[in-house]
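Undergrad: Going down the list, the protein sequences come from chains Y and A.
Residue 322 in my numbering is what sits at position 117 of the first sequence, and the numbering runs on without skipping anything.
Residue 414 in my numbering is what sits at position 209 of the second sequence, and the numbering runs on without skipping anything.
Simulated from the structure, these hints should not be mistaken for laboratory data.
In this text the structure is predicted, and so the values were computed from the model without any measurement.
The C-beta atom is built at its ideal place from N, Cα and C for all residues, glycine as well.
There's no promise every hint is true.
What the hints assert, rightly or not - Rough simulated footprint, nothing fancy, chain Y against chain A, three-plus residues with beta-carbon under 8 Å: (1) 210–219; (2) 310–323.
Claimed, not checked - What the simulated footprint calls covered on chain Y by chain A, stretch by stretch (three residues with Cβ under 8 Å from a Cβ of chain A suffice, anywhere in the stretch; the number is not a length): (3) 216–226; (4) 308–315; (5) 398–409.
Number of protein chains: 2
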Amino acid sequence: MIYFDNAATSKYKPDVVYDAFMHYVREIGTSPGRGSYSLGVQASRMLYQSRKKVNAFFGNPSKTNVVFTKNSTEAINLFIKGFLKKGDHVLISCYEHNAVLRPIHSLYENGLITYTVLPEQVLESPESELEKYITPSTRLAAITLASNLTGQLVYSAAFGDECKKRNLTVFVDASQGGGKKLAHMERDNIDYLAFTGHKDLYALPGVGGLCSKAPLTFPPLIQGGTGIHGEHYTNPEIYPEAYESGTLNMPAIWSLKTSIEFLEENLEKISQKEQLLTQRIISGLSSLPNVDLYKPTKRRVSTVCFNVKGVSSSDVVSYLDKNGICVRGGIHCAILAHETLGTVKTGAIRVSLNYMNTEQEVDYFLDVLREMK
Amino acid sequence: MIYFDNAATSKYKPDVVYDAFMHYVREIGTSPGRGSYSLGVQASRMLYQSRKKVNAFFGNPSKTNVVFTKNSTEAINLFIKGFLKKGDHVLISCYEHNAVLRPIHSLYENGLITYTVLPEQVLESPESELEKYITPSTRLAAITLASNLTGQLVYSAAFGDECKKRNLTVFVDASQGGGKKLAHMERDNIDYLAFTGHKDLYALPGVGGLCSKAPLTFPPLIQGGTGIHGEHYTNPEIYPEAYESGTLNMPAIWSLKTSIEFLEENLEKISQKEQLLTQRIISGLSSLPNVDLYKPTKRRVSTVCFNVKGVSSSDVVSYLDKNGICVRGGIHCAILAHETLGTVKTGAIRVSLNYMNTEQEVDYFLDVLREMK
Numbered sequence: 206m207i208y209f210d211n212a213a214t215s216k217y218k219p220d221v222v223y224d225a226f227m228h229y230v231r232e233i234g235t236s237p238g239r240g241s242y243s244l245g246v247q248a249s250r251m252l253y254q255s256r257k258k259v260n261a262f263f264g265n266p267s268k269t270n271v272v273f274t275k276n277s278t279e280a281i282n283l284f285i286k287g288f289l290k291k292g293d294h295v296l297i298s299c300y301e302h303n304a305v306l307r308p309i310h311s312l313y314e315n316g317l318i319t320y321t322v323l324p325e326q327v328l329e330s331p332e333s334e335l336e337k338y339i340t341p342s343t344r345l346a347a348i349t350l351a352s353n354l355t356g357q358l359v360y361s362a363a364f365g366d367e368c369k370k371r372n373l374t375v376f377v378d379a380s381q382g383g384g385k386k387l388a389h390m391e392r393d394n395i396d397y398l399a400f401t402g403h404k405d406l407y408a409l410p411g412v413g414g415l416c417s418k419a420p421l422t423f424p425p426l427i428q429g430g431t432g433i434h435g436e437h438y439t440n441p442e443i444y445p446e447a448y449e450s451g452t453l454n455m456p457a458i459w460s461l462k463t464s465i466e467f468l469e470e471n472l473e474k475i476s477q478k479e480q481l482l483t484q485r486i487i488s489g490l491s492s493l494p495n496v497d498l499y500k501p502t503k504r505r506v507s508t509v510c511f512n513v514k515g516v517s518s519s520d521v522v523s524y525l526d527k528n529g530i531c532v533r534g535g536i537h538c539a540i541l542a543h544e545t546l547g548t549v550k551t552g553a554i555r556v557s558l559n560y561m562n563t564e565q566e567v568d569y570f571l572d573v574l575r576e577m578k
Numbered sequence: 206m207i208y209f210d211n212a213a214t215s216k217y218k219p220d221v222v223y224d225a226f227m228h229y230v231r232e233i234g235t236s237p238g239r240g241s242y243s244l245g246v247q248a249s250r251m252l253y254q255s256r257k258k259v260n261a262f263f264g265n266p267s268k269t270n271v272v273f274t275k276n277s278t279e280a281i282n283l284f285i286k287g288f289l290k291k292g293d294h295v296l297i298s299c300y301e302h303n304a305v306l307r308p309i310h311s312l313y314e315n316g317l318i319t320y321t322v323l324p325e326q327v328l329e330s331p332e333s334e335l336e337k338y339i340t341p342s343t344r345l346a347a348i349t350l351a352s353n354l355t356g357q358l359v360y361s362a363a364f365g366d367e368c369k370k371r372n373l374t375v376f377v378d379a380s381q382g383g384g385k386k387l388a389h390m391e392r393d394n395i396d397y398l399a400f401t402g403h404k405d406l407y408a409l410p411g412v413g414g415l416c417s418k419a420p421l422t423f424p425p426l427i428q429g430g431t432g433i434h435g436e437h438y439t440n441p442e443i444y445p446e447a448y449e450s451g452t453l454n455m456p457a458i459w460s461l462k463t464s465i466e467f468l469e470e471n472l473e474k475i476s477q478k479e480q481l482l483t484q485r486i487i488s489g490l491s492s493l494p495n496v497d498l499y500k501p502t503k504r505r506v507s508t509v510c511f512n513v514k515g516v517s518s519s520d521v522v523s524y525l526d527k528n529g530i531c532v533r534g535g536i537h538c539a540i541l542a543h544e545t546l547g548t549v550k551t552g553a554i555r556v557s558l559n560y561m562n563t564e565q566e567v568d569y570f571l572d573v574l575r576e577m578k
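Given the sequences, and given the hints that come with them, work out the whole structure.
TA: What follows is the structure, given as structure tokens:
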């Protein structure tokens, strides 16, 4: 079986990640911040080490400012619902995932905020274009790091610079591309960054988070037991505990800490391999006359998007599946991106590779597609 | 090391649970509802089987109505923030965990709802007492199944009956006691039930949920990608997908399905062992003259709560830790329960056992405590 759906989740993890997860489960197995016995204190130490690792990886000048969540969707909701205030105007890109669009559109429908979807030319030429979309109420730009549909990089340091000149807060959804070290909070003017562990960060499922330069001060999304200050009737004003009510998924957090270490050691090799595979698949798809390939731009992660002329994307997915190849079709939880590409009615086929894939797999995929009747 | 903090999390799981988790991770590894290729469909089937297993275990007349969350705190927040409307009056028990108290108190502070904390006699004699606390606005009773501090059962079928007579909606927080098959939604008149996997249900961390007799219709807590109906700008009105935005922690869900099967097969043995250990520890603690034992009632789970006269709970925890015993002291994320017991200032020591503990461990603990200077 050939697994080409790494943008949904990386099915295979480095062995050290499985080992770290099971080490936590078998040897520690307790919850941080709950018991003051030695093994509880050790859990808290491991949580602290994990916070430092994540923030260093994302270039956060604050070494420990991360709220761990279950996935990036929770982190995005925590941020959007907590940060935005009545009357705010928000800029989002024409490639945002529904995880960003939907909470923002709901606030808009409830009459709380307004928002504008930035077209592609603003993302490409923010210096000349961004100004046109800013109103006196504009407070936030929420931009995806990379499109989950086309793989192109959407956020750029240049865009961040223009936001900073205008005192806008910058939020980046790093669900795609988070593991490529493409987003650096300090260098790229990112105030808040959401990530998920189970995609290109190679952690086991069940952990994501929200990194921020400053501690959060807005209301938490979820209230409950915080381990400390249990005597308050509401969540105490302490960071990050007030934002992590309930038991944390500590084995997954520890697997994330370990997977980031793995990435740090192997980033160059991973990047080279993924670039090679991506160029090969783009080149192959480009040579097929019946294929519409979307946005084969250079600044990208290893996800590509196409359609076969006259064939529905679900039929292509089904045909590839019969030939042992897993790819995703239809609408990819990113309606704005489909509107941008003009693929709302047809859907699209997404192939998302990672370094564990091989040139042979890519060639086999291209052969199978070429032979499609 | 003796682990007596099972009410925080069950450190040790049955081997079949670790195996099920790793089976999912290694052999499946995909996300349900995302890819239509065979392995994606298989993931969806395993999710469906897990929904059925959870609902059967909790006696839900609806076979598949469960929203999977990261833990019970998220499930409780989803319910409380979604279900309650402006002007509602809520009844909660004097033993509620902060996971219930804090979201409710926040709604109260925001001027949206009012609530009353029911004293113990209402829980014990709902037939004669409940009526006194009901107003024309009372819409919900939110009651914990068992106290996380004292281990006593708080919710009862008799209480549920009285609620039903008055058309109140009943919500039960089964974070404690959920794995003992003590709550049966149909039999006990429970409309909504929140649970967490990692405590006495013996799943790996990262899964909880909200079971309901009817599909949810209120707004979700978290919005984002739902796998299906990706074309909508807001979460589509579909259940349960609209309430499970983002990638589910499917390996943990599968570990929960397996741990419930383990419980179903071994419930009688587990129950007998836990009762034996609990009686032994209650009997031992009762015989110590310097120990204040709280609520050693019969209707209980295997958690007991006490203080040593004249010694702070943190000193006792520390002393026990030096002797290789893990218990929790202080305030246990349940300020109402401490107010009920009169232990707000002192905190309290909680010993929470499960079937993997032994009589020898209990006896050693009692010996160590007896010798405390």
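Undergrad: If you look at each residue in the region 210–219 of chain A, do at least three have a Cβ nearer than 8 Å to any Cβ of chain Y?
TA: n = 6 at 8 Å, threshold three: holds.
Undergrad: In terms of beta carbon proximity below 8 Å, does the region 310–323 of chain A have 3 or more residues touching chain Y?
TA: holds (count 3)
Undergrad: Within the assertion that chain A covers the region 308–315 of chain Y, do at least three residues meet a Cβ-to-Cβ distance smaller than 8 Å?
TA: holds (count 4)
Undergrad: Would you say the region 398–409 of chain Y counts as covered by chain A, given the rule of at least 3 residues with C-beta under 8 Å?
TA: holds (count 3)
Undergrad: Quick one: see if chain A covers the region 216–226 of chain Y, three-plus residues with Cβ-Cβ under 8 Å.
TA: holds (count 4)
Hint check: no violations occur; every hint is consistent with the structure.
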